[in-house]
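Protein chains in written order, with our numbering: chain Z, 1 to 176; chain P, 177 to 245.
Hint data in this document are derived by calculation from the structure and do not stem from the laboratory. This structure is a prediction, so every number in the text was calculated from the model and none was measured. Cβ atoms here follow ideal geometry from the backbone N, Cα and C, with glycine treated the same way.
Examples of chain Z residues toward chain P, derived with CB under 8 Å:
1) 7
2) 10
3) 15
4) 16
5) 19
6) 32
7) 43
8) 99
9) 101
10) 104
11) 105
12) 120
13) 123
14) 148
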Amino acid sequence: MPSASFKDELLAETRNLRAFAISLSGSVTLADDLVQESLLRAWSNSEKFQPGTSLRAWLFTILRNIYYSNYRKRSREVQDSDGFYARRLTVPGDQESHLDLEDFRKALTMLPPEQREVLTLIGASGLSYEEAAVICEVGIGTIKSRLSRARAKLVELLKLDETSAMAVERRARRAG
Amino acid sequence: MNPTDKTETEAQDVAAPDPKAAEAIGRALAAHYADLVQAPLPDKFMELLTRLEDGVRVSERKRRRDALG
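Chain P extracted, bound-state conformation (with noise of 0.2 Å):
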């Protein structure tokens, strides 16, 4: 997926929105964005990163006791 064609580097000259447009869709897409931020995460984020910690906790213990015996 690296869609680097000519034309597309070349179409640099399309018409800029006019100022007032070009505010108030940087207005939206700020709301938009913050409220996809605001929403509550599911835990299953934090309970996947619990558990690779976890792991490394128990591969490090194993290590150590490895070193040990």
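This is chain Z alone, in the form it adopts within the complex (with noise of 0.2 Å):
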């Protein structure tokens, strides 16, 4: 039976569950009904989650499946997050590397599910190696392989080869 503080531990979840699916789904609509099935069964399966494991691995791993099971079709009809958004803004860095962060995730959403999955878990969520592994069921080499596609899709996307090699360029000018 869940007790009250399971309750609490999942609200303190739920910001970071949201903001796996928004980027899961490309929608905060289906984004907001993933969570809610979400919350569900991990309420009704609260018996299965093993004390003392990540239980933001074991949230996303339940939303993932109920994803690719029910909703991945959905979410290429609605992608309504584009006013979502609380912000419009340049991500902080240095003259070279300044990225506008609208385009960083119109490219985000160009990336294939599994690639993006993967960069939100490592790259943004804070999880290991080994706990993206088991959410996605596949072995590290794969999460290895899909964090460095997808690093390498987003620096063609987003044309930061060309802006390094300028950069270069420029200091080279500057230093001679």
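Put the two chains together into one complex, using the hints given.
Shown next as structure tokens:
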């Protein structure tokens, strides 16, 4: 039987769960349905959660399973996160590596979901390679390969290779 | 949904992006995600969990009552 503290623990993870759901599905509406369903499933399966392990990883696994079995098709039809983001901002960085967040988000939606989720799990949600491998039901090698291909694709989409080449050129000119 | 094709596991030799580009991506990803995490949470999640918890309380009371009676 779930305890009151289990409720608090779930609540504490809900923001992160929702951020993962939005990143995965590209839709706030779908993400909210996914979170709702995941919380319900987590509650009714609370005895399956092993205390001491990562609740975040467990919840992400539940949400991801629901997404791939029921929602993936729908997410291609609904992409409604455009108006959602609170801020339109430039990611801080030095002159050569300024990135517009809006551009970055667009590029992110162009990645295959398998790459996007790995990037989100490891690069943003603070999960380990091992946890990501369990969540995605693949080996660590596959996780690493998806991660590097996701990064390479983003570099290409955002033309970061050009930017840095230009930066090198500029630096060379300044130095020369 | 479990694509474990061989080509995928073997494709680890993708060139690593230059450190500057990798850093820019890392920062953008963190900013993107932080923005999502900070977004206001709809009340319905809290309401759902409260309902579930209340459901537990009701069934526990019922069990105690049944045990006594």
